[in-house]
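Given next are the chains, with one letter for each unit.
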Amino acid sequence: MHHYIALAWATNDMRAAREARRVRETLLQSRGLCWRTVLDVDGLSVCAKSPVDAAMCTYVLADNLGVIVGRLFIQDQASTPVRSAELPSAKIVETNGNWLLEHYWGRYVAVLRGPKGDRYSVLRDCSGQIPCFYANLNGLYVFFADVCDLEHLDLRVTLNERYLAAFISRQPLHVRETGLREITELLAGDCVTIEATGACHTHMWNPRSIVANRTMDNYVQARTALTGLTENVIAAWARFYRRILLSISGGLDSAIVLGCLKRLGLADRVVCVTQYTVDTSDDERLYARSAARMAGVSLTELPRVSDGVLFAEKLRRVPPDPKPDISKTNRILALDGLNALAEEFGCDALWTGQGGDQIFLQAHHGYGAADYLLQHRHPWRLPNMIYESALLSRNSVWSILSQAICYRFRKGRAPPVVLGGRGARFLAKSAIPAYSEDSLAIPWRVGAERIPPGKLDQLDILLDLLNRHKPIVGLERPYEQHPLISQPLIELSLQIPTYHLLRGGRQRAMARDAFVDRVPPSIIMREDKGGINDQVRSLLRGSAPYIIESLMDGSLVSLGILDRSSLEGILCHEETFTKDEQFPLFACIAAEAWAQNWRSKPAPSAAAHN
Amino acid sequence: MARGKPRVTFSWKRTTAGTAPPHGYNRSPEEQCAGFATRKPSVQTRANSRLREGRSNRPYSVSFLSRPRNPRCTEMTRPPYRLAPSVHWCTLHGFSVILDEENDKYLSIPARQFEALLPYVTSEPSPDTTQHCELPVELIPLTNELLARRILAPDGIENAPRDNRRMPKPERLISTADALVPIGHALRYGPIFIKACTVADCCLRFRAFRKTTSRIRSRKRTIPAPSLEKLVYLSRIFAILRPLYPRSYLCLFDCLALLEFLAYWRQFPSWVFGVAIDPFDAHCWVQHDGVVFCDTHRFGARWYSQILVI
Chain W
1 MHHYIALAWA TNDMRAAREA RRVRETLLQS RGLCWRTVLD VDGLSVCAKS
51 PVDAAMCTYV LADNLGVIVG RLFIQDQAST PVRSAELPSA KIVETNGNWL
101 LEHYWGRYVA VLRGPKGDRY SVLRDCSGQI PCFYANLNGL YVFFADVCDL
151 EHLDLRVTLN ERYLAAFISR QPLHVRETGL REITELLAGD CVTIEATGAC
201 HTHMWNPRSI VANRTMDNYV QARTALTGLT ENVIAAWARF YRRILLSISG
251 GLDSAIVLGC LKRLGLADRV VCVTQYTVDT SDDERLYARS AARMAGVSLT
301 ELPRVSDGVL FAEKLRRVPP DPKPDISKTN RILALDGLNA LAEEFGCDAL
351 WTGQGGDQIF LQAHHGYGAA DYLLQHRHPW RLPNMIYESA LLSRNSVWSI
401 LSQAICYRFR KGRAPPVVLG GRGARFLAKS AIPAYSEDSL AIPWRVGAER
451 IPPGKLDQLD ILLDLLNRHK PIVGLERPYE QHPLISQPLI ELSLQIPTYH
501 LLRGGRQRAM ARDAFVDRVP PSIIMREDKG GINDQVRSLL RGSAPYIIES
551 LMDGSLVSLG ILDRSSLEGI LCHEETFTKD EQFPLFACIA AEAWAQNWRS
601 KPAPSAAAHN
Chain H
1 MARGKPRVTF SWKRTTAGTA PPHGYNRSPE EQCAGFATRK PSVQTRANSR
51 LREGRSNRPY SVSFLSRPRN PRCTEMTRPP YRLAPSVHWC TLHGFSVILD
101 EENDKYLSIP ARQFEALLPY VTSEPSPDTT QHCELPVELI PLTNELLARR
151 ILAPDGIENA PRDNRRMPKP ERLISTADAL VPIGHALRYG PIFIKACTVA
201 DCCLRFRAFR KTTSRIRSRK RTIPAPSLEK LVYLSRIFAI LRPLYPRSYL
251 CLFDCLALLE FLAYWRQFPS WVFGVAIDPF DAHCWVQHDG VVFCDTHRFG
301 ARWYSQILVI
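Protein chains in written order, with our numbering: chain W, 1 to 610; chain H, 1 to 310.
It cannot be assumed that every hint is accurate.
[Unchecked claim] Restricting the straight-line Cα-Cα distance to at most 30 Å, the calculated cross-link-like pairs of lysine-lysine (DSBU-like) are:
| # | chain 1 | residue 1 | chain 2 | residue 2 |
| --- | --- | --- | --- | --- |
| 1 | H | LYS169 | W | LYS579 |
| 2 | W | LYS579 | H | LYS105 |
| 3 | H | LYS211 | H | LYS169 |
Derived by calculation from the structure, the hints in this document are not laboratory data.
None of the values given here were measured: they were computed from a predicted structure.
Make the full structure from the sequences, and use the hints.
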C-alpha cells in the first residue's frame, strides 16, 4: 500500500490552483512528518507518504513530466528493478502511459503531465494492487489511494444508493462508480485523461489484443514459460523483504508459491501460516503440513475466528472506503493473529497464493473443445479435446461437440457472465437498480467477438481478481500481497490456450504438470477445494443480535434500499438461505456496516441523498 | 420471531431433472445436483416449550429412540401421531430438515419447533385401544400443516419400520483423476453402461421417486456385502464412460446409473442422501464404508449431513 495524493487542475483555473495550494499546505502541516512533496508544478502537485512496504517507492520523471508511485520492473528475463533515471519520460508521456504497460510491469499508479501542460493522465497498472480513486472538487481533481487521507479537505460525500443496491443484487460488481457519488474509481488497467473539456476514461491495458494476437500453442513451450515466469515474478518481489509470512491454505496455488521460494533458495526467509476451522470438513491442515514439510519451513496453525460477537465488533472497525467490500469483513477477523505472527517472526510481508485460480485456470466449463476448434483449421485432436472438456464440465460429449460446432460457425452466444447471487430478493422493489446493460458491461467483452469462449470466460474472472483486493489500511501490518497477480504472468496465462491449461480434463492441469517437482504429490493430485462454510455459518448466526439490530433498523432500510421483511426470516433463524443468497446476504451486512461507518465519521462526512 | 397469529408458510419447488443446460451455459455440479426442492420453506409458529436447540457447529442427527418424553404422555397414553415411514429427517445447525420420499420434497423447520413436536410423534404402530395424549395448542398449526402434507399421520395406521442407517464419514473419493483404465478397455463395458444409464433415465422421468428407492432397497436385502476392489474398478470404468451418455451431470441420475451399472455385477453399495444448511443444499452419492464413488470434483460428500441411506 502506497499513500499518495495527486492534485491536477487546468493551469488557467485560478480558483482550482488556490484550492490545490491550500490542500497541499494542509497536508504537509497536518502530517508533515509523513507527507512529502514529490512534484509541484503549475497544474500538477503530488504528495506521497514514506511507504511502509519495502518494495514501494516513488519515481519522478525527468522534466517534471510526472510521478509514478509504486514499483516498476523491466519486462526482461531478470525482472530488473527500475530507477527513475532510466525511465524514458518523454516516450511514456507521449504514449499516455502505454509505453509503461508494454515495457515495464509492477504495481504502480502513474500521474503524467502532457508536454504542453494542457493534459494530465493517471494510469493504474493492470494488477490493481494499488488503489486509485478520484474526486472532482470544482475543477480540482484529487487522486488518492486512501480516502482517510482526505479528512482535511472540504469534501462532502453522499451515499450512492444505486450503487449500493447493485452491489447487493449483482456480485461481483466492478464498475467505476463507487458507493459515494462524488468519488470514482480507476479500475485496474484504466487511464483517465483530464483536459480542458473534462475527464475521459479509457481502458488502457487491453487483454483482448493479447489473446487475439499472441498465442502460445506449444504445450511444452508454454509449460516451461509458465514455470520460469512464475519463479521470475516471485523472485522479483521477494528481493525487497527480509522475511515473508506466507499464508498457505493447503491448496495448489499457495503451495506453488512456497515451492518456488524454496527453489529460489529463499526458504530460510519464509514462515508459513495456515488457518483452519476445528473439527469440520474445512480442515486442510494435512495438506498445508505436507507443503511446509517439503519446503523445510516452519508452519504455524491459526484457528479461524468463528466468534460472531467478535465479528460484529470488528465490522465496526473496518476503515472507510469508497466501496463496500465483502472480503474485508472476513479478512478482518484474521488480522490480529496474522499481525501478531508477523511481529513475532519479524516478517515485513504477508503473501498469499491468490490469483492462481484465475491464472492457472480453475475452471469447470467445457469451452476447451470450442477454443480448439476455433483456433485450428485441421483439428486432428478434436475427439480428445471433446472428451477432456466433457470430463471437466461433466457434460456429455454430444453437448460439448454441438457447442464447439456452434462457436466454430459463429452461431454460439458468448458465454454468460457469471454473476452470483439472487440479491434482488433482499432489495426493496423501488431500489432495484436501473443500471443499463451497457453500464454494467464488462469492458473487455466489448468488441471481443473473435475471442474464444474459454478465454472470454477467463477474462471475466480476471476482471474480478484484478479489482477486488483492497488493503485494510491502518489495521494490516504488514499488508497482504499476492505475488502471482503480476502483469507478465497474467499476460502469459492469456496467451496459453484453455485446452492446454486444462489438459486431460483437469483444472489447473498445466500448473500441476509444471510444478510437480515443487509441490507435494497429495496437493498435485488433489481435486477438491477447501471452503469456509462452517466459519461463515458460525459468524452469521453468532452475530445475529448485532446483524438483526443493524440491518433491520439500519441505514439501508431507512434509505429504502433493503426490504426488511425479506431479511427477517433468515436473520431471526426461522429460515435458511440458499447458496445463491449467501453472497448477497453478506453483501447486505458489508454494505450496512460500510454505510454506518460513513455516517458516523465526522469528515469526510456522508449524507444520504434526499 | 413470531408475530401475532402463528403463520405457517411453505414454498415448494422441484428442479427439473434431466434437462440439459442451455446452449453455452455451464452450471456448476452443485447447481445441477439438486433433484429436489431447494427452496427453504419456513415454518413460523408459536412454541411455548423450548426444547434442546442446536447450538453446536457440528451437524447431528437425532433418532426417535433418544427423543425426550413429554410428561403429558404417560404409560396409559401414547403420542397421537406418527411420522410417515417415507419421511426421513436430521437436525443440523438449528434446523430440522425433512426429506419426504413419497412426494420427493425437502422441508426445513426451525429445530426448536420440530423438537417441540417430537414427543407427540411415534415411529411404531400401536393398538387402537391405547389413549392418545393431548397435543398443546401452540403446536396445532404446525401439526395440521404436516398432516396435510402427509409428513405426519394419525397413530394407529400400520406402517413399515423406518430405516435409520448411517454410513461412516467419507474419507476417500474415487474420481477419474486416478483412473488407470484405458478407454478402449472401458468401451467393452459400453452396452451395460448404456443400459444402466437408460434405466436410470427412465426411472427419473417416468417413475415416482419412492418406487425407485424401494426398488433399490429391495434389491439389496438378500445380497452379500460388495467387494471394495470390484467397486473401485467398476466405478472407474463408469466414470470413463459417463461422458458418452447424452445427459449432463446430475447427482441423482449419476448415482442411480452407477447403482444400475454395479448391480449387473451383483455389487450393491449404499446410496446416501445428504443435506447442508446455511446455505441449504441437497446432494446424493454412492458410498461403501468410507469410500465415495460418485461425487462432484469438490468431494462434496464431506460437507453434507446424511439424511437417508439406502
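* To do: List, from low to high, the hint numbers that the structure doesn't satisfy.
  => Hint check: nothing fails, all pass.
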